[in-house]
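**Q** Protein chains in written order, with our numbering: chain A, 1 to 479; chain B, 1001 to 1504.
Fair warning: there could be bad hints in the mix.
Each computed DSS-like pair below joins lysine-lysine, with the alpha-carbon atoms no more than 30 Å apart [unchecked claim]:
#1 A:Lys442 x B:Lys1461
#2 A:Lys64 x B:Lys1252
#3 B:Lys1315 x A:Lys353
#4 A:Lys94 x A:Lys478
#5 A:Lys430 x B:Lys1468
#6 A:Lys478 x A:Lys36
#7 B:Lys1440 x B:Lys1409
#8 A:Lys353 x B:Lys1321
#9 B:Lys1449 x A:Lys390
#10 B:Lys1283 x A:Lys43
#11 A:Lys36 x A:Lys64
#12 A:Lys43 x B:Lys1127
#13 B:Lys1315 x B:Lys1381
#14 A:Lys430 x B:Lys1321
#15 B:Lys1461 x A:Lys314
#16 A:Lys130 x A:Lys430
#17 B:Lys1449 x A:Lys442
#18 B:Lys1151 x B:Lys1252
Rather than coming from a laboratory, the hints here were simulated on the basis of the structure.
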Amino acid sequence: MSRTLFALCLLTLCSRVAVADGPDLGPHRLTLTPAKATDPALKYRLLPELIEQRPGNAAEHYRKATTLYKAIAEGPSLNQAYDWVGLPVDLLPKDEVAALLKAYREPMAEAEIGARCETCEWGTSDDLRKKNIGALLPYVQEMRALSVLFQVRLRLELAEGRPGQAVRTARTALAMARHVAESPTLISALVGYALTAQTLRQMEDLVQQPEAPNLYWALTDLPRPFIDLRKGLEGERLTAYSIFYPDHPEFLFDLNAGPLPPEQARELGNRFVGVANLLDVPRFAGRWVFGLNVMRKHEEAKKALVAAGRPRDKVEAMPPLQVALLHALTEYDLEMDAMLKWQSEPWWETRPKLLELERQTRRLRPAENIFRRDGPALPLAGYLLPALNKIAFARVRTDRQIALLRCVEAVRLHAATHDGKLPASLAEIKDVPLPLDPATGKAFQYEIKGATATLRATVVEGRNDFSHAPSYEIMLRKS
Amino acid sequence: LPSPSPCGIVEERHLFPFSLGELVMRRLLSLFGLLLLVGPLPAEDKPGPHYLFLSPRQAAEPALRRRLLPELVEQRPGNAAEHYQKAGGPLKGASQELSEAVYAWTQVPLEEFPKKEVRELLARYEKATAEAEAGACCESCDWGHTSRIRKDNIGAGLSDIQDLRTLGTLFELRIRLEVAEGSLDQAVRSARTLLTMSRHATESPTLISALIGAALASKAAERLEEILQLPDAPNLYWALTDLPRPFLDLRKALQGERLGAYSIFYPDHPETYFDLDAGPWTKDEARIISGRLYNTTSDVTGISNRYLFGFTVMKKHEAAKRALLAAGRPRERVEAMPPLQVALLHSLAEYDVYMDDCLKWQAAPYWESLAPLQESERRLKQSRAAALDPRSDAPAMPVAHLLFPATHKVLSVRARVDRRLAMLRCIEALRLHAAAHDDKLPATLAEIKDVPAPVDPVTGKAFAYELKGGSATLSSTPFDGRSDWANAPSFDITMRTEKKGRNR
């Protein structure tokens, strides 16, 4: 429950990351200078290339960086950094920012080494296997703090007119965002999205610098989706299974597995009741009620396991508690797979299916389901399934922001070869391919009025604030 | 390092035992050999469609009960590469045994499949396949190749990854045996191992590894095609849908090419050349690198006299300096560099232009990237004459011409794998539709409403589909100048009529 609450808080944070005080309704105004593509095309990159990387585990460097910054007892507070991130570049107190960055120089250097490591292994999957929903993820919060330092540095570099350095800092911040999401939990993926959104917000200021290099190809080169949800989603099932069979959850996944030894079956009973209480399953307090319910549903549960492909002889040899658990997990798998199977599909195809599935899942929660004849004795699915639609939208929102920035850079690129003029329509841009909106599969809306163009993403999820439907008003400087 | 000597250039050759030309030739041969492997095999080169006889089948429940890549809950912490490397021991001498005769076993019709012989053969290599299975269930795969490439550049030995090809043949045979014996779940599981090995191959940062990955994925697709035709075959639509797209990520492999190229000239710390703020070489660096440069140039330009080579470098020096300044290097640093360093950085700058022209397309859809990639390669070919002309402003060392990979060919191989998997998904969508519509094939692909029918990853459009009488044809358009089956697969599909047992 605490993890779910944390995830929901993060979702809220993700959607309000641009401004802390009130919703950002947009559009964001961008004043741009026409700029051709760089040569070589990937002279500026937004993720470190292999040649810049070194063998090693990034997570170890981030942990060291965290220890270093925690050790900085004196000096400017990090809270100020959060304020500076939202301040216009020309109002940034450069000296104070420089002093703060100097104080945190060592942890930042360590984090930079981490961002250029070839692998990032947090060791979380092992933790999840052992401690399941009780596994701690301290680095999630710590990476947020480290990332803020890089956001501030990026702003200082912009204020000092060093866009090349700012791109390098953005690269570090984006690599960190992807590294957080290497941990197989949805919380980590959501933090990854939040950190990416913060960096992309800084990049809006970056592309407005008069000397800013055109980042069209750097943005095009980014992975799509920028952060994959696969690991996070699979971590959910790993956690759910590990609650009942720590260390070796794959035992429960194996259709050929046999009966548990008596002492493990007893342990399973304790875990069962513990989970019921933890999840606050109504009318489920007493062991006797639980035991009676398990026995009442035993025959139905056995039938369900055999139908799922488990050998009849092995099912018959299992203690009722094991049968009840596998029955509960079968229902969980059914619902979980019904969601997971859509995760590779485009969001506009996925969304209606996921919304329908979420409605179904909510129906699995009420207390009367516990006594439903064909339902499992412990209705795990209703309590443990993630709100995938919201999480999938966090992913598409990140990709949409990247695609929109790519469009902005394509406009700058077009203007550089067309007398500094905005294109009349997006279709007029022929030099480079224009990205489609990952949320709709269609082109972004573009309209030109006088010297200003409006680039807009369609309103989805019923909200028109900037984080849900970003839009830009674009004006060009005379070159 | 050996002590400096007036003839340092010649004496450094022992640090670099093969000439660059030899290394490049060895790699090219290996690459082309693999391209052939991934391409049409003799038996596959027959024109016309593959004939499929399918049974209608609904999707399984839970939808991902049978997966084609292991899920996290089935994985264990550990490095897959270590298991594959362990599997290499028992495989010694296997490639001989698994040569033509065994290769034929992967092609004979199932009814003629020599089950007894294959069972005996697989028993002999059980240790190797068990290790491979353990590897396929590992959470990470780190071959340690980047360190090797930094040290030994494009000459780095990657024999461990070559063992995956032998393992791939063993798993192909195992899948066929399991299919012939009716162990369908086991066959799907073996296909999963093969597909996982394929993705693990691309964790090694070389194009050769990526091509091995593509070859393994093609083998798995070929076997899945066989599995789907069995009367009791489960519907794998969602398992195929769940696979990553593109199935093989080439980012690492393509970036590894630049790492290899830069490491030739600056082993262990190739990133030094990437740093626009880098200063002049030390004396030791100048001595070692000049030997490498000389070898490179004599291989490509035929300038076998090092004085002539020196003369060319000096003649192009001013143009090279201008190019470095234009690339953003500080003037004072460029001026402080010895002419050889300037010449090398100029050459690498040209290499980067061509390399980035290809790399920038690797994340784009194939149909957007093909024409620009071909154009970029054509430009590179056209500039070869100028590159070899000592009077031109082209770099003194044509590194780009020597080391540039055939990127568009490799991206075509990836597109081919994705196309094949998408077509299998289409076939499963047809089975799924038939199961819900009285065993009948749809009149058009648009008629399939239960699940999304995939588009062709090569064109971004729907596959061609035509229903004639009781059978349908599913086909794809030729691309990249090739119309053989491997590039443009097509299927003639007939649906069996059956009334029960559709849900498993």
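**Q** Compare the structure with each hint and give your call.
**A** Outcome of the hint check:
| no. | hint | in the structure |
| --- | --- | --- |
| 1 | A:Lys442 x B:Lys1461 | 15 Å, holds |
| 2 | A:Lys64 x B:Lys1252 | 27 Å, holds |
| 3 | B:Lys1315 x A:Lys353 | 67 Å, violated |
| 4 | A:Lys94 x A:Lys478 | 28 Å, holds |
| 5 | A:Lys430 x B:Lys1468 | 41 Å, violated |
| 6 | A:Lys478 x A:Lys36 | 14 Å, holds |
| 7 | B:Lys1440 x B:Lys1409 | 39 Å, violated |
| 8 | A:Lys353 x B:Lys1321 | 60 Å, violated |
| 9 | B:Lys1449 x A:Lys390 | 25 Å, holds |
| 10 | B:Lys1283 x A:Lys43 | 29 Å, holds |
| 11 | A:Lys36 x A:Lys64 | 40 Å, violated |
| 12 | A:Lys43 x B:Lys1127 | 47 Å, violated |
| 13 | B:Lys1315 x B:Lys1381 | 24 Å, holds |
| 14 | A:Lys430 x B:Lys1321 | 34 Å, violated |
| 15 | B:Lys1461 x A:Lys314 | 48 Å, violated |
| 16 | A:Lys130 x A:Lys430 | 55 Å, violated |
| 17 | B:Lys1449 x A:Lys442 | 21 Å, holds |
| 18 | B:Lys1151 x B:Lys1252 | 18 Å, holds |
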